[in-house]
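Novice: Let the hints inform the model, and build the full structure from the sequences given.
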Amino acid sequence: MKQLTFEIKSNEQIAKNVYRMQLCGDTTGILPGQFVNIRVQGQFLRRPISVCNVEPSLNNAEPLLTIIYKVVGVGTEAMSHLPVGTQLDVLTVLGNGYDLSKAGDAPLLVGGGVGVPPMYMLARQLREAGKKVRVILGFNTQDEVFYEDEFRALGCDVTVTTVDGSHGVKGFVTNALDGKQSYYYTCGPLPMIKALLQAIGTHGEVSMEERMGCGFGACMGCTIQTTHGPKRVCKEGPVFPAEILQL
Amino acid sequence: MLNNKLQISLSGITLANPIIPASGTYGFGDEFAELYDINCLGGISFKGTTREARYGNPLPRIAECGNYGMINAVGLQNPGVEHVIAHELPRLKSHYNGCIVANVSGFSVQDYVETCALLDKEPIDILEVNISCPNVHNGGMAFGTSPEAAAEVTVAVKAVTTKPVYMKLSPNVTDIVAIAKACEAAGADGLCLINTLLGMRIDIRRRRPVIANRYGGYSGSGIFPLALRMVNQVARATNLPIIGCGGVSSAEDVIEMMMAGATAVEVGAANLTNPMVAKEIIDRLPALMDELKIDKLTDIIGIVNHE
Chain A
1 MKQLTFEIKS NEQIAKNVYR MQLCGDTTGI LPGQFVNIRV QGQFLRRPIS
51 VCNVEPSLNN AEPLLTIIYK VVGVGTEAMS HLPVGTQLDV LTVLGNGYDL
101 SKAGDAPLLV GGGVGVPPMY MLARQLREAG KKVRVILGFN TQDEVFYEDE
151 FRALGCDVTV TTVDGSHGVK GFVTNALDGK QSYYYTCGPL PMIKALLQAI
201 GTHGEVSMEE RMGCGFGACM GCTIQTTHGP KRVCKEGPVF PAEILQL
Chain B
1 MLNNKLQISL SGITLANPII PASGTYGFGD EFAELYDINC LGGISFKGTT
51 REARYGNPLP RIAECGNYGM INAVGLQNPG VEHVIAHELP RLKSHYNGCI
101 VANVSGFSVQ DYVETCALLD KEPIDILEVN ISCPNVHNGG MAFGTSPEAA
151 AEVTVAVKAV TTKPVYMKLS PNVTDIVAIA KACEAAGADG LCLINTLLGM
201 RIDIRRRRPV IANRYGGYSG SGIFPLALRM VNQVARATNL PIIGCGGVSS
251 AEDVIEMMMA GATAVEVGAA NLTNPMVAKE IIDRLPALMD ELKIDKLTDI
301 IGIVNHE
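First to last, the sequence lines map onto chains A and B. Residue 1 is where the first sequence starts when you use my numbering, and the numbers rise one by one after that. Residue 1 is where the second sequence starts when you use my numbering, and the numbers rise one by one after that.
Any given hint might turn out to be false.
To be verified - As a list, the in silico BS3-like pairs of lysine-lysine whose alpha-carbon atoms are at most 27 Å apart:
1) A:K194 x A:K170
2) A:K16 x A:K102
3) A:K170 x A:K102
4) B:K93 x A:K2
5) A:K132 x A:K102
6) B:K279 x B:K5
7) B:K93 x A:K231
8) B:K279 x A:K2
9) A:K180 x A:K131
For the record, the hints were derived by calculation from the structure and aren't laboratory data.
Specialist: This is the structure in structure tokens:
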């Protein structure tokens with residue numbers, strides 16, 4: 001864990017209720033699947049947001065951290081109004097991240113809604129490692145869809161599903177499975193995770209989301225039961241091998 | 001670095017300063033040690049420990065309360081006292097030299113007795129006995145809500161330990177002074193107050209409580225005035241040293257707590273939102289004391305009660 005100051009470089013809406021924020025600051029050590037915990041003025045608790053990407057900035061100055069968040073309450077609403085130039089108090093390098101060594105040759109990445117962002121940095125690193133990456137992105141409707149082109153630009157085989165069929169394949173992410181993956185990585189709402197595990201088994205890993213107090217392991221507010229005992233989503237997670245989850 | 005201006009003493013144990021992270025907000029210090037040298041702390045009250053391992057309550061366990069605090073219903077998740085003695089305590093002891101406060105909870109008098117007896121042989125400095133837990137042998141009524149039950153736990157624990165016993169009081173009572181006096185009469189060496197206040201939040205869109213356990217403990221800066229009042233009431237009614245706790249989040253709050261009657265001060269929920277807060281308070285205290293013309297902190301303990 002590190003406590004650092006980041007400066008907002010951009011903060012814009014990219015889909016219905018979904019915003020992308022780019023932050024300038026020290027991104028050293030951040031792995032795909034990890035998250036940051038952001039102090040928001042006027043809110044007691046920080047807001048934990050998964051990391052979408054880290055990249056060097058254009059002028060070779062400080063690197064950029066990209067997060068994508070959905071406005072779901074007062075905290076994220078306040079975040080969506082923060083202007084460029086705002087300095088943020090950020091806890092970073094939180095959680096464990098995905099295990100890329102297990103990917104095999106043809107990993108499958110499944111993201112649902114705001115479970116899509118952590119898939120991006122993972123996809124980029126898997127592509128850089130020469131993997132054939134298939135990505136399934138699930139949304140409710142067309143106006144919620146984001147990052148389809150960004151994943152394509154990485155060279156991933158991308159399928160988008162929408163529940164109402166307004167974009168891509170009609171239905172759920174499970175409607176787009178082909179069973180050919182060497183391993184899978186996923187993040188999304190619990191009903192999606194459950195359906196996915198039922199459809200393709202436990203040879204993969206899942207990023208879990210829980211309401212957190214501190215986000216760094218001190219309060220035990222987010223502990224889930226697993227077949228390997230209690231685990232803090234913020235510390236031993238958020239990524240867990242699918243086979244130890246008790247969903 | 002030892003600064004005599006900040007030094008205080010609890011039951012003969014010298015603390016370099018009065019700042020102690022409160023139990024349940026600091027684990028065993030590991031996460032915070034990634035950010036700063038935790039040896040700056042006067043003491044550490046470690047995660048509430050019970051006789052047996054506990055998973056705790058179902059999720060969600062946390063609800064936010066605006067800018068002023070949070071509600072938690074973690075339910076005393078811990079690996080059990082034997083695991084703590086075998087693993088967590090040696091690890092803490094290996095990199096922390098200050099005062100170790102062992103926070104202990106139980107659901108029967110026997111629980112408290114067994115847990116405290118086991119810890120009595122260990123390198124801990126103070127036993128902090130949380131009596132906000134429900135007594136399973138008395139319809140789930142919390143020990144800390146009755147003077148008789150609070151006294152019964154105090155006597156039973158004192159009988160099995162040579163460590164100083166500090167009873168951690170629940171604020172969810174009609175008269176905290178009566179409980180405090182009962183603990184004093186029963187032989188407690190000190191008191192710690194307050195624990196969290198029972199609270200609730202409702203998700204108005206889903207029409208159900210935010211917390212799976214329905215109710216939880218409210219903590220954070222919003223409870224500071226209540227905690228201060230209770231510390232002051234107890235300080236005026238007993239002669240025991242008090243560890244003041246509840247909503248403390250700044251050096252100014254620490255001074256206020258001590259002026260109300262606290263000898264040491266625990267910092268709780270603030271650790272969860274600003275993990276550097278305990279160190280920041282300690283670093284800020286000397287300059288604040290100069291500003292307030294305080295030579296040493298021991299001079300101001302209960303100063304508002306001296307008239």
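Novice: When you check the alpha-carbon spacing of K279 (chain B) and K2 (chain A), does it fall within 27 Å?
Specialist: holds, 15 Å
Novice: Between the alpha carbons of K194 (chain A) and K170 (chain A), is the straight-line distance 27 Å or under?
Specialist: holds, 19 Å
Novice: Could you grab the alpha-carbon distance between K279 (chain B) and K5 (chain B) and see if it respects the 27 Å cut-off?
Specialist: holds, 16 Å
Novice: Can you confirm whether the C-alpha distance between K93 (chain B) and K231 (chain A) stays at or below 27 Å?
Specialist: Judged against 27 Å, a Cα distance of about 24 Å means the pair holds.
Novice: Does K170 (chain A) pair with K102 (chain A) here, judged by a C-alpha cut-off of 27 Å?
Specialist: Distance of about 30 Å is beyond 27 Å: violated.
Novice: Would you mind confirming whether the straight-line C-alpha gap from K93 (chain B) to K2 (chain A) stays at or under 27 Å?
Specialist: holds, 24 Å
Novice: Just to be careful, I want the Cα atoms of K16 (chain A) and K102 (chain A) compared with a cutoff of 27 Å; is the pair within it?
Specialist: violated, 34 Å
Novice: Are the Cα positions of K132 (chain A) and K102 (chain A) separated by 27 Å at most?
Specialist: With a Cα-Cα distance of about 14 Å, the restraint between K132 (chain A) and K102 (chain A) holds, given a limit of 27 Å.
Novice: Starting from K180 (chain A), check that the Cα of K131 (chain A) is at most 27 Å away, please.
Specialist: With a Cα-Cα distance of about 14 Å, the restraint between K180 (chain A) and K131 (chain A) holds, given a limit of 27 Å.
The structure fails hints 2, 3 (numbered hints given earlier, in ascending order).
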